[in-house]
Amino acid sequence: MASLALGRYVPFHSFIHRLDPRVKLFGMIALMTSIFLRFPSVWTNLSMYAVIFVVIVSLMHVAHIRLRTMLKQLKALWIMMVFLLVINVLVPNTSEIAGYFSIGSLRIYYSALLQTFYIVFRLVLMLGLTLMLTGTTRPLDLTYAIEWYLTPLKGVGFPTHEVAMTIAIALRFIPTLLEETMRIMKAQASRGVDFLNGKLQEKLRAIIALIVPLFISAFQRSEELANAMEARGYNPSAPRTRYRQLVWKAPDTWSLFFLILFVGGMITLNSLGFDVIAFWHAL
Amino acid sequence: MKFHHVFHTYSAKTPYQFEALRDVNLSLLEGSITAIVGHTGSGKSTLVQHLNALLVPTEGTLEVAGITIEAKKTPKAVKRLRQYAGLVFQFPEYQLFEETVEHDVMFGPLNFGCTKEEAKKRAHEALTRVGLDASFYARSPFELSGGERRRVAIAGILAIQPKVLVLDEPTAGLDPQGAKAMMTLFSQLHQQGMTILLVTHDMELVYEYATHVVVMKEGRVLAHVPTSTFFETPIEGYDLRLPPLVRVIHALKKKGIHVPYERVKDVTALVNYLKDIQRWPA
Amino acid sequence: MIHVKNLFFSYEDNHPVLKDVSFSIQSGEFVAIIGHNGSGKSTLAKLLAGLMEVKQGTIEIDGLALNPQTIHQLRPKLGIVFQNPDNQFIGATVADDLAFGLENRRVPSQEMPTIIDTMAKKVGMENFLHQEPTNLSGGQKQRVAIAGILAIQPDIMIFDEATAMLDPLGKQEIHDTLKALRQSDPHLTILMITHDLEEAAFADRILVMNQGQCVMEGKPSEIFSQGDALKAMSLDQPFIYQLTEALPDRLKKDVVSIETWLELIK
Numbered sequence: 001m002a003s004l005a006l007g008r009y010v011p012f013h014s015f016i017h018r019l020d021p022r023v024k025l026f027g028m029i030a031l032m033t034s035i036f037l038r039f040p041s042v043w044t045n046l047s048m049y050a051v052i053f054v055v056i057v058s059l060m061h062v063a064h065i066r067l068r069t070m071l072k073q074l075k076a077l078w079i080m081m082v083f084l085l086v087i088n089v090l091v092p093n094t095s096e097i098a099g100y101f102s103i104g105s106l107r108i109y110y111s112a113l114l115q116t117f118y119i120v121f122r123l124v125l126m127l128g129l130t131l132m133l134t135g136t137t138r139p140l141d142l143t144y145a146i147e148w149y150l151t152p153l154k155g156v157g158f159p160t161h162e163v164a165m166t167i168a169i170a171l172r173f174i175p176t177l178l179e180e181t182m183r184i185m186k187a188q189a190s191r192g193v194d195f196l197n198g199k200l201q202e203k204l205r206a207i208i209a210l211i212v213p214l215f216i217s218a219f220q221r222s223e224e225l226a227n228a229m230e231a232r233g234y235n236p237s238a239p240r241t242r243y244r245q246l247v248w249k250a251p252d253t254w255s256l257f258f259l260i261l262f263v264g265g266m267i268t269l270n271s272l273g274f275d276v277i278a279f280w281h282a283l
Numbered sequence: 284m285k286f287h288h289v290f291h292t293y294s295a296k297t298p299y300q301f302e303a304l305r306d307v308n309l310s311l312l313e314g315s316i317t318a319i320v321g322h323t324g325s326g327k328s329t330l331v332q333h334l335n336a337l338l339v340p341t342e343g344t345l346e347v348a349g350i351t352i353e354a355k356k357t358p359k360a361v362k363r364l365r366q367y368a369g370l371v372f373q374f375p376e377y378q379l380f381e382e383t384v385e386h387d388v389m390f391g392p393l394n395f396g397c398t399k400e401e402a403k404k405r406a407h408e409a410l411t412r413v414g415l416d417a418s419f420y421a422r423s424p425f426e427l428s429g430g431e432r433r434r435v436a437i438a439g440i441l442a443i444q445p446k447v448l449v450l451d452e453p454t455a456g457l458d459p460q461g462a463k464a465m466m467t468l469f470s471q472l473h474q475q476g477m478t479i480l481l482v483t484h485d486m487e488l489v490y491e492y493a494t495h496v497v498v499m500k501e502g503r504v505l506a507h508v509p510t511s512t513f514f515e516t517p518i519e520g521y522d523l524r525l526p527p528l529v530r531v532i533h534a535l536k537k538k539g540i541h542v543p544y545e546r547v548k549d550v551t552a553l554v555n556y557l558k559d560i561q562r563w564p565a
Numbered sequence: 566m567i568h569v570k571n572l573f574f575s576y577e578d579n580h581p582v583l584k585d586v587s588f589s590i591q592s593g594e595f596v597a598i599i600g601h602n603g604s605g606k607s608t609l610a611k612l613l614a615g616l617m618e619v620k621q622g623t624i625e626i627d628g629l630a631l632n633p634q635t636i637h638q639l640r641p642k643l644g645i646v647f648q649n650p651d652n653q654f655i656g657a658t659v660a661d662d663l664a665f666g667l668e669n670r671r672v673p674s675q676e677m678p679t680i681i682d683t684m685a686k687k688v689g690m691e692n693f694l695h696q697e698p699t700n701l702s703g704g705q706k707q708r709v710a711i712a713g714i715l716a717i718q719p720d721i722m723i724f725d726e727a728t729a730m731l732d733p734l735g736k737q738e739i740h741d742t743l744k745a746l747r748q749s750d751p752h753l754t755i756l757m758i759t760h761d762l763e764e765a766a767f768a769d770r771i772l773v774m775n776q777g778q779c780v781m782e783g784k785p786s787e788i789f790s791q792g793d794a795l796k797a798m799s800l801d802q803p804f805i806y807q808l809t810e811a812l813p814d815r816l817k818k819d820v821v822s823i824e825t826w827l828e829l830i831k
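Heads up: the protein sequence lines correspond to chains U, X and A, in order. Counting from 1, one number per residue, gives the positions in the first sequence under this note's numbering. Counting from 284, one number per residue, gives the positions in the second sequence under this note's numbering. Counting from 566, one number per residue, gives the positions in the third sequence under this note's numbering.
Note that these hints are calculated values from the structure, not bench results. Honestly, I wouldn't trust all of these hints.
Said to hold, decoys possible - To spell it out: a stretch of chain A is covered by chain X in this simulated footprint if at least three of its residues, at any positions, have a beta carbon under 8 Å from a beta carbon of chain X; those stretches are: (1) 598-610; (2) 657-666; (3) 731-744.
Claimed, not checked - Using 30 Å as the maximum straight-line C-alpha spacing, the simulated DSSO-like pairs for lysine-lysine come out as follows: (4) A:831 to X:548; (5) X:362 to U:203; (6) U:186 to X:403; (7) A:817 to X:558; (8) X:536 to A:817; (9) U:186 to X:285; (10) U:203 to X:446; (11) A:818 to X:538; (12) X:404 to U:199; (13) X:538 to U:203; (14) U:203 to X:356; (15) U:186 to X:359.
Claimed, not checked - Label pairs and their in silico Cβ distance ranges: (16) U:123 to A:636: 33 to 43 Å; (17) A:617 to X:411: 33 to 43 Å; (18) U:8 to X:548: 46 to 56 Å; (19) A:625 to U:13: 47 to 57 Å; (20) A:617 to U:78: 37 to 47 Å; (21) X:463 to U:154: 30 to 40 Å; (22) A:617 to X:401: 51 to 61 Å; (23) A:591 to U:224: 43 to 53 Å.
Owing to the predicted nature of the structure, the values given are computational and were not obtained by experimental measurement. Backbone N, C-alpha and C define an ideal beta-carbon position, used for all residues, glycine too.
Construct the entire structure; sequences and hints are all you get.
And the structure:
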């Protein structure tokens with residue numbers, strides 16, 4: 001299973017790759033908030049969206065995440081867009097812009113088109129941001145970033161370290177478990193199991209023949225792993241030192257600064273009821 | 284079972300591309316015990332997975348049981364192939380999943396269209412063959428020992444009644460006695476007419492049980508020879524770790540003592556032979 | 566250094582896995598424990614490593630009885646390498662896995678990179694520090710396991726059938742690593758649980774387990790020359806011993822290798 005799965009870490013040396021995962025996590029959430037801002041007029045909305053679009057796509061370009069490739073791989077996205085369009089279009093809608101045009105007896109409202117566009121636009125950007133995070137950050141580093149953010153919860157008894165360790169181990173075993181799944185599938189296929197065709201009942205048997213051995217093997221693994229961890233002196237409740245350190249550097253500070261500036265600015269404009277046309281006239 | 288210019292490439296056109304089989308031309312002999320040897324990564328596993336169409340060639344064709352398997356196309360008669368060539372993977376005990384031993388062994392035959400009664404009969408036959416008596420039928424496979432679970436897994440394939448049995452390191456992890464019992468079973472099956480393909484690293488097993496040997500290296504077939512030739516004539520490009528018994532036999536040959544390969548498969552037989560020809564120290 | 570006295574153990578009632586096992590191991594000794602599958606040797610390994618509680622009998626390590634109260638003191642002295650290379654590989658990369666034990670022992674972060682590098686060199690894995698386990702062979706993963714334990718500097722290392730799942734190349738790697746270890750760390754006490762006789766032949770002393778009991782004890786030459794007894798316990802004999810067993814007694818002692826044996830055949 002060596003195919004380039006969507007969302008996988010792609011090793012590279014871009015500026016974004018080298019940033020601290022904590023900044024990237026914050027950045028992703030902050031930029032996502034900006035996508036959901038709604039401005040009073042249509043033109044303002046569209047121009048703000050254009051600005052956000054440019055910012056995010058440029059970042060993606062720096063991170064070597066290609067928007068085009070991503071869009072090509074997401075057939076489901078296009079299907080959904082068509083589906084949404086059809087649904088939206090059938091309902092009379094004058095919320096954003098009044099008016100419609102007709103194709104035969106069908107009325108297509110401009111608002112419906114606009115809203116569908118908004119939804120798809122936000123989705124694409126959200127995906128782009130997520131891919132940028134997962135594509136430039138090693139899963140383990142991301143885990144440590146999440147652990148860092150959850151540290152305050154330790155005070156109220158949340159098992160932050162154990163959760164982080166569990167995630168780290170799960171990540172380490174994903175490729176191993178995938179290999180095992182393939183092996184079990186092949187072994188069962190050799191016994192006549194057809195994983196693709198067959199009646200519902202047969203398919204159910206096929207799934208059981210795959211899941212039961214997988215789970216049993218997983219339980220055995222965890223027991224052996226726990227023994228190994230214990231034998232090496234692991235004690236989750238005792239203090240431990242850390243080999244991998246998250247090091248905050250100057251580029252991280254600057255990135256944080258600009259993120260706060262940008263998103264903060266957008267939010268401020270939004271709460272002030274910013275209107276592009278009014279602004280233009282005022283100039 | 285014939286391979287014609289078979290190539291198999293994993294993950295073609297990606298950075299992870301790997302040519303596991305290169306221009307393989309091979310005619311495996313029915314009724315033989317053929318050992319398939321080669322270093323890890325030489326293509327042995329990939330090769331045998333073509334026999335029951337778990338994998339199909341990316342180039343070339345192969346014929347199994349009168350069915351032609353073409354490149355990149357899973358044959359329609361795939362189920363027949365799965366029944367013809369039974370594949371037992373390494374550490375097969377990991378495929379057990381049913382509640383009882385009996386049900387697990389019945390799983391295979393049921394998938395191939397047997398009635399419940401027929402499947403049960405076959406399961407009992409197969410379990411007897413691997414040395415597990417009726418007391419095991421109702422037990423859960425998960426409460427058995429590792430060696431017993433392995434035998435249940437093998438019974439599961441035998442119950443399908445394949446003509447060809449393909450085994451990948453069947454003795455891995457077994458103690459010497461367990462390994463011997465397992466190989467004796469395969470010998471018996473061979474005598475009863477089954478073709479056995481043995482993928483292994485263990486040269487002693489090859490010496491003692493195989494009739495023919497296929498040597499693989501980097502996706503190519505280096506040689507396909509009878510076992511006696513394999514141990515007598517060095518194969519170019521292949522570093523053979525001779526089992527100690529074979530080293531002794533070769534050394535005796537240099538002294539002018541010719542030990543007949545077919546008769547002498549272990550130390551006891553060698554000592555008896557030397558005694559017979561009066562070369563044993565008094 | 567290790568004293569086992571009257572050890573009994575059962576996983577479930579009426580089914581004893583260890584029956585009155587007693588033996589001693591000196592500091593720096595390399596002892597192999599052999600036995601058929603089910604003879605109790607793996608259970609013995611787990612008890613010695615402190616992974617299961619001793620309920621009947623005693624295990625004394627450096628004068629201290631092993632029990633739930635003393636395990637914290639004794640743990641640092643023990644290291645155990647298990648059979649499955651994957652199920653003891655915890656870190657995301659080789660370096661992370663080597664660091665795991667160090668993290669548990671609260672070694673300062675600044676000291677870790679040097680220790681990791683040194684230990685990786687000891688097992689020949691210094692060029693693999695950033696590799697993920699999926700890209701490593703069984704032998705390589707086991708070497709990492711050995712290095713990870715060496716990093717904590719134990720006095721006793723237990724190998725619980727550590728080569729059973731490896732191909733011949735992997736087995737060779739581990740054997741070479743062990744030989745190197747005996748040279749570089751002669752004070753290390755090594756307990757090797759195995760049913761590979763060629764491995765057991767490296768040991769200073771062999772303990773033979775059969776059906777939960779320790780039935781034989783002695784040097785490899787003493788143990789392996791008893792072909793019939795070994796067969797009766799579902800064990801084999803290393804090749805050279807099979808060759809010499811049939812020889813007339815007066816010639817047996819002279820044979821040390823295949824070559825000397827061959828010289829006896831006219």
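Pair hint residue 831 of chain A and residue 548 of chain X, alpha-carbon separation not exceeding 30 Å = holds, 21 Å
For the pair residue 617 of chain A and residue 401 of chain X, does the Cβ-Cβ distance stay inside 51 to 61 Å?
-> violated, 46 Å
Would you check the hint for residue 536 of chain X and residue 817 of chain A, treating anything up to 30 Å between C-alpha atoms as holding?
-> holds, 23 Å
Holds or violated: are the alpha carbons of residue 818 of chain A and residue 538 of chain X at most 30 Å from each other?
-> holds, 23 Å
Confirm or reject the claim that residue 617 of chain A and residue 411 of chain X have a C-beta distance inside 33 to 43 Å.
-> holds, 37 Å
Mind checking the alpha carbons of residue 186 of chain U and residue 285 of chain X for me, to see if they're no more than 30 Å apart?
-> holds, 22 Å
Can you let me know if the beta-carbon spacing of residue 591 of chain A and residue 224 of chain U is within 43 to 53 Å?
-> violated, 30 Å
Holds or violated: are the alpha carbons of residue 203 of chain U and residue 446 of chain X at most 30 Å from each other?
-> holds, 27 Å
Keeping to a limit of 30 Å between CA atoms, is the pair of residue 362 of chain X and residue 203 of chain U held or broken?
-> The hint holds at about 16 Å.
Does the alpha-carbon distance linking residue 186 of chain U and residue 403 of chain X stay inside the 30 Å limit?
-> holds, 24 Å
Regarding residue 463 of chain X and residue 154 of chain U, is the given constraint of 30 to 40 Å on their beta-carbon distance met?
-> With a Cβ separation near 57 Å, residue 463 of chain X and residue 154 of chain U fall outside 30 to 40 Å, so the hint is violated.
Taking only the CA atoms, is the gap from residue 186 of chain U to residue 359 of chain X under or equal to 30 Å?
-> This hinted pair holds, its Cα atoms lying about 18 Å apart.
Of the numbered hints stated above, those contradicted by the structure are hints 2, 13, 16, 20, 21, 22 and 23, listed in ascending order.
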